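Let the hints inform the model, and build the full structure from the sequences given.
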Amino acid sequence: MKLKILLLLLITFQGYSQVSVGPRHIGKSKDFKGGVIEKFKKTETIFLLSNIYDKEEYEKILNDSWNVTSFKIVELEGFNIENYLSNKYSIAQLGGFKRIKQMKSGTSTSLFTYIDFKVYDSEKIFEKLDKLSPERRKKKRESIINDNSSNIARFYIFPKDDFINTSLSKKMSEIVNSLYTDDVFFNYKLGFLKNYFQKINNLIKNEEIYWMYEDDYLPDLKKLATHKLYIPSYMNIKFNGWTGQDSEADDNNIDDIFKKYEYQYEIISDDDLNNRILDNQELYYLRYVRMNAERFLQVVNSKTGEIIYRNYITGLSYKIKSKHIKDLNGDIKKALKGK
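Per numbering that gives the first Met the number 0, the very first residue in the sequence shown carries number 0; after that it's consecutive.
In case anyone wonders, no lab produced these hints; they're calculated from the structure.
Hints may contain errors.
[Unchecked claim] Between beta-carbon pairs, the in silico distance windows are:
# : residue 1 : residue 2 : range
1 : S142      : D326      : 21 to 29 Å
2 : D326      : S132      : 51 to 59 Å
3 : L167      : D270      : 25 to 33 Å
4 : S268      : K32       : 39 to 47 Å
5 : N251      : R136      : 55 to 63 Å
6 : T313      : E206      : 25 to 33 Å
7 : D214      : P133      : 47 to 55 Å
Values in this document were obtained by computation on a predicted structure and should not be read as measured data.
Every residue, glycine too, gets a C-beta built ideally from N, C-alpha and C.
Below, the structure is given as structure tokens:
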């Protein structure tokens, strides 16, 4: 159990972006320090992911999406991060944290869940650890390891409301156990993961910073004027911010949101969309992630993993509204005009 607690504490750096490649995930975008990306590219990336899929299934999608480094899938059971604190390794790890804020009206608790990519400065870590007594080493180990790591990339995993509600009152060890053993996310399917890995892989290969607090689109967005946009069925669930509960699945929720969309769309089951991605079919689908009141809308090419449209939405609401889809209409028209 101590190991599982460590896994969570090591990744409590707060971040708020659906896909981010850079040395930081909050504040302002900045470039990597010299040599960090080169160091990462020379590593073997250790992927520590949920047990809901077999190692062989992860290997298959990574063989199709990841070539910026060599890689290895490692299971949570028996994992000891000190075995991988070396310049030989980088770590891609499923995790999350709770943020608790004290306000005049009471206590506010938020949950963030994601997959992080990091490299570690093993020389500094062990230099500092070796100076400590056994008791101090045990107490300071987690913070020293985390403080001497470099962020490479991160993407958010969208948790289901049942998991959010139960996790807010659970211990950290119980939360991490659920992350790794239960089906608690909307967008954690092999095909969805493949597209995330493709995008991050290509960004790192090209040494590009990708900052998710931006609203933009690529010229390919004009294809939505003639190509159908596929909407994953998990978007037919509407979240109520007052009750903290998801509604029953209802396709009318999607139709209501898309009532101002001027082009073709089709609601597709999450499993069907996942299978089409794994079959290497090319289509455009809407990827939606909500982290508390922050919402991220993206249009993704299922074959390449390229994000051709992104809209970062903040405010007091927890919902996607028809006005956000109207914004998508406007950008499609701009793309058609070459703007």
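Verification of the hints:
For the hinted restraint 21 to 29 Å between S142 and D326, the CB-CB distance of approximately 42 Å leaves it violated. Taking the beta carbon of each, D326 and S132 are about 58 Å apart, inside 51 to 59 Å as hinted. For the pair L167 and D270, the beta carbons lie near 29 Å from each other, so the given range of 25 to 33 Å is met. Between S268 and K32 the Cβ separation comes to about 44 Å, which falls inside the hinted range of 39 to 47 Å.
The given range of 55 to 63 Å is respected by N251 and R136, whose C-beta atoms sit roughly 57 Å from each other. Checking the proposed 25 to 33 Å range against T313 and E206 shows it holds: the Cβ atoms sit about 29 Å from each other. At about 51 Å, the CB distance of D214 to P133 agrees with the hint of 47 to 55 Å.
Checked against the numbered hints given earlier, the structure breaks only hint 1 and satisfies all the rest.
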